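Peer 1: Sequence:
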Amino acid sequence: MAWRFQPSKFKNTAPKQPKKEDIIFDVPVGTLSCTNNGIQASEELLAFHIEGEGGKLGVLPIHSRGRRLRRDINVVCAHSELVTDFCFAPFDSRLLATCCRDEKLKLWRCDDFVAENAAKTVGDADAMIDLGANRFLECLAPHKSAHFVLAAGVGTGAVVMDAGEGKIVTELEGGISDRVQALDWSEDGHLLAASGDKGRSASIFDPRASTSPVHEISRLHSGLGREGRVLFADGKLVSSGFTNQRQQEVLVFDVRAGYKQVHQQTFMATTGLLIPLYDPDTKLLFLAGKGTNKLLLTEMTSKNPVVSGVCEHNLPEQLLGASIMSKHQCDVMSGEVQRVFTLTKASIYPIPCIVPRRTYRDFHADLYPDTMGQKPGCSAEQWLTGSNDLPSKVSLNPSASSEQVAPPVPEKKESTLSEKNTVEEPEVVETEAPKVAQNGSPKKEQCNDENENGFNQKVQISEKPKEPEAPKKEPEPVVKFRSTEPAQKPKPSPRASAAPVSASAVSDRVSLFVTNRASAAAPVFQSRPRPKSCVVGMVQSKFRHVETVVGKKGTVFTNVRNVNTRLPIESTGFCTSNRFGAIPLSGPAGLITIVELDSPCKLPDGVVDALQNRTTVTELQWNPFDETELAVGLDTGRVNIWRIESDVEPLRPSTPPPEGEEPKEGARRKLAELEPRMSLHVSSDKVSCLRYNPIAADILAVACSDCSINICDLSQQRVIQTINAHEQPILGISWSADGRKLASVAKDGALCVFEPQLGEQCLLATKNILESTRGARVLFVCDDSMILVASFSRGSQRLCTLYNSATLDVVHQQLVDTSPQLLIPHYDHDTSVLWLSGKGDRTVHMFEISPEAPFFMQLAPYSAPSGHQSIAMQNKLKCNVKAVEFQRGYRLTEKTLEQMIFKVPRVKKELFQRDLFPDALVTWKPAMTAAAWIAGEETKPLFQDLCPEGMREIAVPTATKPVAKAPPKPPRTHIEEAESGVEMSSPESSARIGHVPSVRNGLTEEQSKTQKAVESSWSHKIGVDRTLEQDTMDGVAEEEWLENED
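Residue 59 is where the sequence shown starts when you use the numbering used here, and the numbers rise one by one after that.
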């Protein structure tokens, strides 16, 4: 009686474990919400949770394979908190919707993520939909036939939105007492099912008929699990939850029979939910065990058992999430009927489900019925007015025509944002869906070489070319899209024209581009001699006995909390101006607290007041010409410029006013109340380095992870030049002291020197230098004649290497120590002293850099009792030269912020030490405007004498005119003393032999004052020799110290 039974064609469907090379591994998977599946797949892309502060999603092309580290993954910085749910639009494979409990619903265009290019980071949504205050978004469900119709679970109800117009069309409520955790539309688009109360109840709505549920299931699952799922499958409602014994449970209700329960099945006892995934073409129901290593394949049937088991697949790792992909990507010539993407702790497994057949040479039409095409059945407005049109079906046969049938054209009326995408577009091959860029956004016309109809010419494949129609005037949409003008800005020639060159070629090129500049630049620093000490034939630094004073009473900030210790390796950690210190805090909102350095104190307890950047901070830098302006680089490719005005209250303890004083009128603004003075979009990838030009105002160089360096004019709030500097992400950049050249080092191992004022042909020299690309820093030193690079060797040894700035030849290499953290250099152009310290180090290494041998002259290092996060220096105006201080800075630990003072021990501190304080390079005043620098004008840096007014200088001996000394006189006898009438112990005899007694015995106070006045008046007339003997010594030749063996 076999004819009574119709066996399923998919009963032998078998999942195939992928090979190692087909797996996406080493993925930094982040924390998952209990209301989503962890991973979503469209026809072209994969989206999944990745680690990081806030709600971030990783996006990869659907065919990605192999190792994918954080730097290889496109990142969508979606929200400041955990993303509760996300999904791709069913009719636009590059449109991603995300939601969070405390923010708006956001839409993201992922056109740049399809190709296997350099990874990008996006932080600005293309559109945002505000649902109002106190509406916590939990889950999303796109409509299966109407374009731009999106349902979202909000609290105990749901809302239905027209995403194209950015508005709510209806609100649904009833039947659920706790929050809604899952939504799903019926296959015909009439009904919306909502599961809530952690899977214990469900409601079914007809959004176009009523805002109340048409049916309620109050006793769904009896268990106390954390979550539940619901979906429509083959005219039935499938719900996944738990029993009261913590067993996984699947219930099936027949929609046509008044939601009568027709199936119940329990599985293993665990805390992980069974994630249901349904393929309407094959009627296969996939049950992925969250927190287990089981993938169950079942089939929906019309007879008992309604859910029939097919097979059980064991996964090599514990499963965190799962998703199925579009049928258009299935390998139909290999028997693949579906592909399940499973997300584990560090990998993504693409598991193909194959129906075994004897041969795959022919297309098996019985396995691949016509599937839903990429064109929606109707628009959002049509669906709201009662249209039930379903999407057209297309064939998966590779040999058949893939041109899909156009949906019926509605009555002619004024086009809306959604209708224009679904009705008025030309017939195209199904491999592309309409873009959000076409949805009425005037700015999107400039992006991706789109034609006047709004279609992307790179991906559109029309069967017959049609004459472009005149664009119709569209109403201004409610949804505002991100401007794409930065993508279209002119860029200089690619890196191919900047290939590595030899030293001789570099010399020729330098002479070609800067011949006229060389004559002006040469004498800039010639008047800055730095004398050295010569001790026993060795050249040593005058700063070798440097004294470091840290933690002096009254200079320490205590109770510093929540310091961000996970900044990128390219970041400097924190920074200071002469007035303020900026400390990045850990947290999802990119918090930076500001302290007033002249008012050290114990910081208050409680919530720390801070600037809010709303995304992860990657770098920060104070404006050297404005001590109240802070530039902050973000992982979204933006640079926020903050201004700390006089009415802003930096972080300080809140103390009441002194007794007898009334509080001042008007409260000062908090840091959290401030908004950036300027927010400049620089790149689509994260900002890695920020450096202000040292002589030109408002010129900022921004290095990004997309291998580019952007020169910004902050006065005009625009990017004036983009340099395609490297082939891999940039590790560090630095301006020369004259503000003309810019050096960069990147993970491709190359050191490049540019002169941005030359325009597109700005590359002067490049050379591969790095042994290890873990990290590097670059600085111009020795009056711009050399470039210092701090990097690693292959054995994790920390190195400092000097290169000739013109030819990039190696001059000297200094091994510092061995440590896993990169050395961050700080350089003083006046004293040529270099400070080196890494994150977590206790020691600050110090050297004086010399353009001649021995090049690195070691100074006395400083060792602290505990490690620090970073150090930062201030400019020379803060130095107390009367105390022989040549530099000041700050040291940030996890709990304190301590002042560091560097000074040289000297005896005659009342005299100005000219040998330690040459004319200082002015870094606190601009020497030219931004407009002048952009125009290519030349100017010399400014210098300032640091000698305080009224302070006398110490005499500097010269070799040509040594001080003459009288020959020593023979000692006087007692007879000569008696004849002169002056005793040898008297003050007169002491004065004759060259010294004055410290105690003047026998003189009254008035006589002592008179004598001092006389001595002072004669000293000015005669002159006093204040030099020391060792100042005139030239040293002794080494051979003179050798003993004569004879």
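Bear in mind the hints are in silico, worked out from the structure with no lab data behind them.
These numbers come from a predicted model, not from an experiment.
Any given hint might turn out to be false.
With a Cα cut of at most 27 Å, we get these calculated DSS-like pairs of lysine-lysine [to be verified]:
hint, residue 1, residue 2
1, Lys256, Lys69
2, Lys74, Lys610
3, Lys611, Lys341
4, Lys953, Lys967
5, Lys728, Lys953
6, Lys67, Lys610
7, Lys403, Lys69
8, Lys610, Lys897
9, Lys74, Lys318
10, Lys256, Lys610
11, Lys352, Lys77
12, Lys318, Lys256
13, Lys69, Lys451
14, Lys940, Lys897
15, Lys953, Lys983
Computed Cβ-Cβ distance ranges for the label pairs, DEER-style [unchecked claim]:
hint, residue 1, residue 2, range
16, Arg852, Asp684, 50 to 58 Å
17, Lys403, Pro912, 33 to 41 Å
18, Asp312, Ala404, 35 to 43 Å
19, Arg284, Lys78, 27 to 35 Å
20, Ala404, Lys611, 33 to 41 Å
21, Arg964, Leu873, 30 to 38 Å
22, Leu127, Gln319, 45 to 53 Å
23, Asp312, Asn446, 50 to 58 Å
24, Glu370, Glu829, 47 to 55 Å
All residues carry an ideal CB built from backbone N, CA and C; glycine is no exception.
Peer 1: Going through the numbered hints above, which ones does this structure break? Give me the numbers in ascending order.
Peer 2: Hints 1, 2, 3, 4, 6, 7, 9, 10, 14, 15, 16, 17, 20 and 23 are the ones this structure does not satisfy, whereas the remaining hints hold.
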